[in-house]
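2 protein chains.
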Amino acid sequence: MGLQIHRTVEHRPESRIDEAMGVLKQRFGDRLSTSESVREQHGKGEDHHPVVPPDGVFFAESTEEVAEAVKICAEYKMPVIPFGTGTSLEGHVAALHGGLTIDLTRMDAVLEVNAEDLDCRVQPGVTRKQLNEYLRDTGLFFPIDPGADASIGGMTATRASGTNAVRYGTMRENVLGLTVVTADGRIVKTAQRARKSSAGYDLTRLFVGSEGTLGVITEITLRLYGIPESIVSALCAYPSLEAAVNTVIETIQLGVPVSRIEIADEVQMKATNDYSGTDLPVAPMLWFEFHGTEAGTTEQAEMVKAISDEWGGGDFQWTASAEERAKLWQARHDAAYAAKNIRKGAEVWATDVCVPISRLAECIVETQNDIRENNLIAPIVGHVGDGNFHLVLIADQDDADEMARANAVNERLVHRAIAMEGTCTGEHGIGMGKMDFLIAEHGEAVSLMRLIKKALDPENIMNPGKILRV
Amino acid sequence: MGLQIHRTVEHRPESRIDEAMGVLKQRFGDRLSTSESVREQHGKGEDHHPVVPPDGVFFAESTEEVAEAVKICAEYKMPVIPFGTGTSLEGHVAALHGGLTIDLTRMDAVLEVNAEDLDCRVQPGVTRKQLNEYLRDTGLFFPIDPGADASIGGMTATRASGTNAVRYGTMRENVLGLTVVTADGRIVKTAQRARKSSAGYDLTRLFVGSEGTLGVITEITLRLYGIPESIVSALCAYPSLEAAVNTVIETIQLGVPVSRIEIADEVQMKATNDYSGTDLPVAPMLWFEFHGTEAGTTEQAEMVKAISDEWGGGDFQWTASAEERAKLWQARHDAAYAAKNIRKGAEVWATDVCVPISRLAECIVETQNDIRENNLIAPIVGHVGDGNFHLVLIADQDDADEMARANAVNERLVHRAIAMEGTCTGEHGIGMGKMDFLIAEHGEAVSLMRLIKKALDPENIMNPGKILRV
Numbered sequence: 001m002g003l004q005i006h007r008t009v010e011h012r013p014e015s016r017i018d019e020a021m022g023v024l025k026q027r028f029g030d031r032l033s034t035s036e037s038v039r040e041q042h043g044k045g046e047d048h049h050p051v052v053p054p055d056g057v058f059f060a061e062s063t064e065e066v067a068e069a070v071k072i073c074a075e076y077k078m079p080v081i082p083f084g085t086g087t088s089l090e091g092h093v094a095a096l097h098g099g100l101t102i103d104l105t106r107m108d109a110v111l112e113v114n115a116e117d118l119d120c121r122v123q124p125g126v127t128r129k130q131l132n133e134y135l136r137d138t139g140l141f142f143p144i145d146p147g148a149d150a151s152i153g154g155m156t157a158t159r160a161s162g163t164n165a166v167r168y169g170t171m172r173e174n175v176l177g178l179t180v181v182t183a184d185g186r187i188v189k190t191a192q193r194a195r196k197s198s199a200g201y202d203l204t205r206l207f208v209g210s211e212g213t214l215g216v217i218t219e220i221t222l223r224l225y226g227i228p229e230s231i232v233s234a235l236c237a238y239p240s241l242e243a244a245v246n247t248v249i250e251t252i253q254l255g256v257p258v259s260r261i262e263i264a265d266e267v268q269m270k271a272t273n274d275y276s277g278t279d280l281p282v283a284p285m286l287w288f289e290f291h292g293t294e295a296g297t298t299e300q301a302e303m304v305k306a307i308s309d310e311w312g313g314g315d316f317q318w319t320a321s322a323e324e325r326a327k328l329w330q331a332r333h334d335a336a337y338a339a340k341n342i343r344k345g346a347e348v349w350a351t352d353v354c355v356p357i358s359r360l361a362e363c364i365v366e367t368q369n370d371i372r373e374n375n376l377i378a379p380i381v382g383h384v385g386d387g388n389f390h391l392v393l394i395a396d397q398d399d400a401d402e403m404a405r406a407n408a409v410n411e412r413l414v415h416r417a418i419a420m421e422g423t424c425t426g427e428h429g430i431g432m433g434k435m436d437f438l439i440a441e442h443g444e445a446v447s448l449m450r451l452i453k454k455a456l457d458p459e460n461i462m463n464p465g466k467i468l469r470v
Numbered sequence: 471m472g473l474q475i476h477r478t479v480e481h482r483p484e485s486r487i488d489e490a491m492g493v494l495k496q497r498f499g500d501r502l503s504t505s506e507s508v509r510e511q512h513g514k515g516e517d518h519h520p521v522v523p524p525d526g527v528f529f530a531e532s533t534e535e536v537a538e539a540v541k542i543c544a545e546y547k548m549p550v551i552p553f554g555t556g557t558s559l560e561g562h563v564a565a566l567h568g569g570l571t572i573d574l575t576r577m578d579a580v581l582e583v584n585a586e587d588l589d590c591r592v593q594p595g596v597t598r599k600q601l602n603e604y605l606r607d608t609g610l611f612f613p614i615d616p617g618a619d620a621s622i623g624g625m626t627a628t629r630a631s632g633t634n635a636v637r638y639g640t641m642r643e644n645v646l647g648l649t650v651v652t653a654d655g656r657i658v659k660t661a662q663r664a665r666k667s668s669a670g671y672d673l674t675r676l677f678v679g680s681e682g683t684l685g686v687i688t689e690i691t692l693r694l695y696g697i698p699e700s701i702v703s704a705l706c707a708y709p710s711l712e713a714a715v716n717t718v719i720e721t722i723q724l725g726v727p728v729s730r731i732e733i734a735d736e737v738q739m740k741a742t743n744d745y746s747g748t749d750l751p752v753a754p755m756l757w758f759e760f761h762g763t764e765a766g767t768t769e770q771a772e773m774v775k776a777i778s779d780e781w782g783g784g785d786f787q788w789t790a791s792a793e794e795r796a797k798l799w800q801a802r803h804d805a806a807y808a809a810k811n812i813r814k815g816a817e818v819w820a821t822d823v824c825v826p827i828s829r830l831a832e833c834i835v836e837t838q839n840d841i842r843e844n845n846l847i848a849p850i851v852g853h854v855g856d857g858n859f860h861l862v863l864i865a866d867q868d869d870a871d872e873m874a875r876a877n878a879v880n881e882r883l884v885h886r887a888i889a890m891e892g893t894c895t896g897e898h899g900i901g902m903g904k905m906d907f908l909i910a911e912h913g914e915a916v917s918l919m920r921l922i923k924k925a926l927d928p929e930n931i932m933n934p935g936k937i938l939r940v
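Same order as they appear, the protein sequences are chains A and B. Here the numbering used here is used: position 115 in the first sequence is 115, and no number is missing along the way. Here the numbering used here is used: position 202 in the second sequence is 672, and no number is missing along the way.
Treat the hints as calculated values from the structure; they're not laboratory data. Careful: at least some of the hints might be erroneous.
Residues from chain A shown here face chain B by an in silico Cβ test under 10 Å; the list is partial [said to hold, decoys possible]:
#	residue
1	E324
2	A326
3	H428
4	A445
5	L448
6	I452
As the structure is a computational prediction, the values presented were derived from the model and not from experiment. Idealized CB from N, CA, C, for every residue including glycine.
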């Protein structure tokens, strides 16, 4: 953790990067940057991995320019790394073999909004907040909220989700189609704008979650939703994690169309009180949000309150006022800052597993014990309606023993989740950090992924060293 | 249309089918059938394509047996065609290059139901009705309903959907994971049981809709849903197609979580009255279904009634009684029989396009005109909430001129849908019938599909001649 800079990049012998850089420079001039600060800024996400800067950063302004740049890179076998807001968490943007980072933040136009069809088409550099700001007057919104104000391109590439996924799904369900630049620089549209289709292989879903290893995403068509007439939020403390999780299971099984259910454990709640000066119970806590008509959200809140009471949930405060809702969610949104605040100056390491909800309480409790036994600090938060949770591991990078214990806790967490039929990553992706875990989770299936990678990127120039070893 | 039997199958020179058949016979004995009637029965779906029987039909009883059979076929380069209930509509099961049809109907076990996690794992031969029968005591159900009592394996392979997709999604959204036998006979699991994952390429979605061309699906993990407390249905006639479609658009845009919205045009309604002896208005008609709490479904029905009134909708009958609901839906379920009844003995040809909903009225009206101008009979029904509709083309196979006109109408329909940013197939798939339309729709993207096909099935033994020419 901390800012290690790996200045010596492991260049591949076949890469003719200097020649490629010359051609790119001639073509793109000042929009190809080789400044040290720009390169370093593009060599790392918001993660615990080291900085590995690329040879150059190209600020692209159109799909055609991306295609042109990729064609040049392909000719000289120079790696290509797509870059959005740099908020990824598993070393996705590290230029492990050098190469060209294509910064897509200047491609930030909302290209069309089809209000009647509840969809829109955007460039990859549009962020989710920017999109929702743009949509405000239409009465529509885009619900996927991974926390960070990430770019839609990056969210697509990592198959992001977050707090609203329990109702609205993840990027997997909400991307209708893509324009991608392939590894040989072709421009390909993966789907038309129909809501559903049985026309051939699902290329859209193949590129969603491909983390830049199959091509560069340059346009995204998204599903939109009407802004609900009524939004009601609630916050409730539980006597135990099991009680909180059982409340969630019953809520979902009863078909209450809850939009958000978030969990935090007592360690997180203490950190939150310390950080925010709040006086919330230091106990497992659930946040709920209900979207619908006024009658509908009232009914949903009442149903969940009844379930919550059964499981010994405390005072079930619910509110439809926008101001009070914002206050209520603040504690959840501040979770990461609160965690960082536990030990000032320490970097944090966000883990990310997802298990079937029936195994969630068991998985969290075993993990809490492991954290305690290893004398670590790691508050837990999660998108509990989907069975997805994160440890915020706080460890000092200069303390080799603490780092080793943190590593071991994460490794056991992942294997625990896999043993419970869960996944090594619910929403952060594989990047460079979880390639061994991908193999542990998928086994033989990884060989099919490798065949696909080799078919679509035979020279392995697209974000090499991520997801798969080829 | 009708039962043309292509007895001379176009065998590929490299296939050593006789040798393979000998080895298969020795291994599987009586469960490898070469009887003419069994082979013919497996050479055609419920479509307008000719019968092309395979060389043999193997009734598999386990994933391991499927793997063994595929390994033998791979060794002798013998084509493999997976077969469920035979209800496909685009020639998916025709043995165009001979080969072995693997009948999966004996693999019809529900392997596990995880009620707390709202999921289950089934073998591919389980039909949707059989699954829902099995689930009845759990309070859960599987919503995808393509009309036919298709097998879950076949529904997965064609990315099926049907009447409930507007609320619950298609097979794309409802398959959590698969076990597949690859073209070289390996057994691969595509995903764990977590609700969401960002772990590598989305192999699950790649096999959903692959129509047996990438492997044989031998287990499917599905999402389930709680049976709603209240189900309310309604039926309403409209002064025009545009009025009906505008009612739908506004309903969806308002976020009313309607479960089904089905349309039929006046031609279909006349056929329905003639067939069922009903006295329904001969006008564009919408069926609605609402799922939720009692208060919720009442509210939904009232909201839709208000919208419907605005667009001149007629008497908006709605009912929560199971018996009356069944009666009300009967007319919709009988649509195909009613269409067949228009000209007795004629085969029918179900077309299938899907467009953005804002273009739906225009697409249907232009198509109605085309049908009329070409002096054809083709009632229209559709899953209008998704923009998906079908003509039920009625043409006499022995009348070359009528067949040519029917073909031309279908071709224009597909190109009309594509021009409106729609798809050549919303739910039936490509099979052998729409390969040119796939190219018209996807263009350059088809070359990526071809690369994937070649990577996963280099000898082209998996259902050759479907989806793609390789």
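Among all the numbered hints in the text so far, which are the ones the structure does not match?
1 and 2
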